[in-house]
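**Q** Sequence:
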Amino acid sequence: FQGGAVLCKLIKFGQPFGLYLSSYILTVTAIDRYHAICHPFSYCSVTSRRSKMMVYGTWMLAAMLCVPQIFIFSYMEISPGVWECWAIFYLKYGERAYITWYSVMQFLLPFIVLVYTYTRICISIWRSSKLSGLIDLKKSNKVSFCQRNRDPLISKAMINTVKQMIVVVILYIVTNTPFIGCELWATWDPKASTSPFFTGAAFTILSLLNSLTSCVNPWIYFAFNKELRVALTCFFYRKKDYSLTY
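Numbering (the working numbering), first residue to last: 1 to 246.
Calculated from the structure, these hints are not laboratory results.
Hints are not guaranteed to be accurate.
Claimed, not checked - Simulated pairs of lysine-lysine, BS3-like, Cα-Cα distance not exceeding 27 Å: (1) LYS92 <-> LYS9; (2) LYS92 <-> LYS163; (3) LYS226 <-> LYS52; (4) LYS226 <-> LYS92; (5) LYS52 <-> LYS191.
Unchecked claim - Per label pair, the in silico range of CB-to-CB distance: (6) ALA63 <-> PHE224: 42 to 50 Å; (7) THR161 <-> PHE17: 22 to 30 Å; (8) GLU95 <-> GLY18: 15 to 23 Å.
Predicted, not measured: the structure shown is a model, and the values here were computed from it.
Where a beta carbon is used, it is the ideal one built from N, C-alpha and C, also for glycine.
Build the full structure now, drawing on both the sequences and the hints.
**A** Quick look at the structure:
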């Protein structure tokens with residue numbers, strides 16, 4: 001490592017920051033969707049300022065959880081002439097405790113919140129659609145016709161949002177579970193460092209898989225947002241026509 005002591009601590013501070021932030025932004029979004037769909041009347045009183053404060057709080061919490069990295073990692077000479085940004089744990093079980101704590105804060109707690117909120121959201125939408133169907137059966141044909149003209153717009157918007165977020169959550173679980181599993185296994189199993197799997201390419205790929213979430217999320221939002229797709233398509237077509245004209 002050629003960056004020096006300051007860059008060592010900055011890099012180690014920033015490495016988990018994006019992972020924490022991605023998890024907590026996803027969690028805050030899930031909580032917001034949960035209140036909007038499951039508790040619509042109380043959600044009406046939520047101001048944009050409160051939503052912004054939740055996002056700011058997420059950034060601050062992610063930064064605070066990264067502070068231990070500054071004290072754990074140091075720029076040191078691990079062998080003659082070889083300097084590395086190295087982690088030092090003075091307590092016997094310090095590394096195991098830290099990795100376990102990281103796994104709980106970065107994955108397990110957000111995972112529990114995500115599963116709970118989206119389960120309740122799906123149940124709420126299912127109950128609403130079922131109740132709406134029962135009401136339609138009791139109404140006259142004219143009212144039912146009008147109702148059928150209005151309901152699909154609301155239902156499609158709600159279902160599209162839920163589908164989008166469920167895909168994001170599934171991707172989050174699929175990409176983070178192998179990473180957390182590899183980290184816990186490498187920390188708690190004394191024989192892990194001598195395993196061929198530990199030194200192979202598969203372990204490295206699984207350890208880096210969690211970074212895929214932040215890269216793929218924008219494409220998921222793009223796939224589910226029809227207006228954005230249309231706007232970008234029009235933009236590129238106009239740009240193409242403009243270049244052909246000149």
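**Q** So, for every hint listed, does it hold in this structure?
**A** Taking the hints in turn, this is what the structure says about them:
| no. | hint | in the structure |
| --- | --- | --- |
| 1 | LYS92 <-> LYS9 | holds, 23 Å |
| 2 | LYS92 <-> LYS163 | violated, 46 Å |
| 3 | LYS226 <-> LYS52 | holds, 26 Å |
| 4 | LYS226 <-> LYS92 | violated, 54 Å |
| 5 | LYS52 <-> LYS191 | violated, 47 Å |
| 6 | ALA63 <-> PHE224: 42 to 50 Å | violated, 30 Å |
| 7 | THR161 <-> PHE17: 22 to 30 Å | holds, 28 Å |
| 8 | GLU95 <-> GLY18: 15 to 23 Å | holds, 22 Å |
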